[in-house]
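Please work from the sequences and hints to get the whole structure.
2 protein chains.
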Amino acid sequence: MSGIVVSSRVRLARNYQDLPFRNRMSPQQAEECVERTLAALRDLPEAYHFRTLRGLDDVERKALVEAHLISPDLLGHGDKGAALIRQDEKISIMMNEEDHLRIQGFAKGENLPDAMENALSIDDTLQRHLAFAFDHQLGYLTACPTNIGTGMRASIMLHLPMLTLLKQMGKVNQLAAKLGLTIRGIYGEGSEAQGNLYQLSNQVTLGRTEREITEAVTAVAKQMAEMEKVFREKTVAKDALAFEDQLYRSYGLLSHARRMSVKEFMVHWSNLRLGAAMEMLPISPDDCDRLLTNAQPGHVQKAAGRTLEPREIDEKRSEMIRSALNGGT
Amino acid sequence: MSGIVVSSRVRLARNYQDLPFRNRMSPQQAEECVERTLAALRDLPEAYHFRTLRGLDDVERKALVEAHLISPDLLGHGDKGAALIRQDEKISIMMNEEDHLRIQGFAKGENLPDAMENALSIDDTLQRHLAFAFDHQLGYLTACPTNIGTGMRASIMLHLPMLTLLKQMGKVNQLAAKLGLTIRGIYGEGSEAQGNLYQLSNQVTLGRTEREITEAVTAVAKQMAEMEKVFREKTVAKDALAFEDQLYRSYGLLSHARRMSVKEFMVHWSNLRLGAAMEMLPISPDDCDRLLTNAQPGHVQKAAGRTLEPREIDEKRSEMIRSALNGGT
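As given, the protein sequences belong to chains Y and E, one line each in that order. In terms of our numbering, the first sequence is residues 14 to 342. In terms of our numbering, the second sequence is residues 14 to 342.
Treat the hints as calculated values from the structure; they're not laboratory data. Hints are all accurate, no fakes.
Because identical chains share one entry, a pair is satisfied inside a single copy or across any pair of copies.
The calculated DSS-like cross-link candidates involving lysine-lysine, where the alpha carbons are at most 30 Å apart (straight line), are:
| # | residue 1 | residue 2 |
| --- | --- | --- |
| 1 | 251 | 329 |
| 2 | 251 | 276 |
| 3 | 247 | 329 |
Shown next, in the form of structure tokens:
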């Protein structure tokens, strides 16, 4: 299952009791939101970086979105947005997004408990100093009613190339919907899931405990991963060399091309990740996951230290990939 | 020019004066043709291999055709066909093809004089012992009137990927036709020139001396190679990295794929040969040319020592290519 589940994430929506919701907030109140949050978190033991939207150029913003450390939505909610990010990138607290706070906890692989613990540790620290908008009937109050209750979204990212190839995702979507869960592509616009990466998460935040939510998401993720595993094994059993051929062709292209778009990269990355998970290619799943982030346009430009033309991005991306795979010539 | 001209070949058609042409020959006379040829060539200083069609299985026949050491036509002219092949494969004498004898001389690169000398050395040796059908007005008499006169076909094989890509081959064909020359694809059926390999040769054997023929073919080959060179340089000047990208993608696929058809191989081989000729890939043109022959179906099966299923051929071909490029993993 470790080869199929990429990562786990928990997000908590929180709003300060004594401040109006974001849409009715004054600039001063938005600044107050940031200040009190930083003050309350001043004594966290680990190293954190503080970033304001105003202090970030386009490339840096893009790179943070690509790493899931800030949401695309944060960019759309005015210039008061900010984020406090733990150095190891396991925790990120966004300020002045749709809610006053969006606390994110991350964990590698299938591990919602760790991701939740990361997020709750911040929630606990804040609640020792500050009061959140909370109703004893409804739970946490949020800007959008869909988040009321736990204010929690638990999500698991899965790599499902075989379920995609064999057109099983419609069936999987139905299964998830029945259980109040939803599946979306990541890094993709519209219905197309680039890299065959999917995010499974809870749709409902009300009427279930945090633990019920993480357990439901984990159970369905396990089921999806099991299906994917069976299809992988069946496909290999049918014609192992055809399978290996497909993986190595992508490996050969990634390790030799001189100019590659992100769209083409995602196609070959999916084969790379598949081969890594099945121990059929000379690369680890972790290295694949690092490559995935580093090959995104913001990261490529951040590594170059400047804004690049689209063609330059494709060239620098290829350079980076070749050096990561270092079998390239 | 060495990067564009692959090889040179001269073929002489000869018939014994006292034997009827092939189509009216008895089996005994066909055997006599072989015997007297072998007897006359018994004392050649170099090592030769003698092969009879009857003694060759399908795989061996295919491999000899692929190496141009025997013609596809030899296989179609009954089971009396035979060939005497110099060990270094610079000379091949076919017996009982369309004519009694088809003497072939080969040379690397643009070198019709050497190829001609190779062929003529055999012709001279034979004429010291035996008499060929010859008319003082017409020259050598041949089974098909198109070969009468010198009985010579001089051909130069060229690799013309850029002229092909930029749709210049129509123009080039017209130029050749005006000068009594013809251009054909090799290893290809119909009009498609697999690997962008073309053979330029004389159409007319009568009314020109051997030297005039080789000079005309050489002159036009030089002109074609010069055109190809200019287009290569222009394309690199326009976008060197796009060019390099194309070459390295083919290199990456060739050095990593696990199953490759001959048709797909020819596409990537052309890029490999182009990159080798321009010193942009870590392989020499000579190694490319060896790979071209070794990747053909007959050679792949010959190396395996048995007849293979089509899918096995594609697998063994890939193994062979990877080991030849040895950057493959």
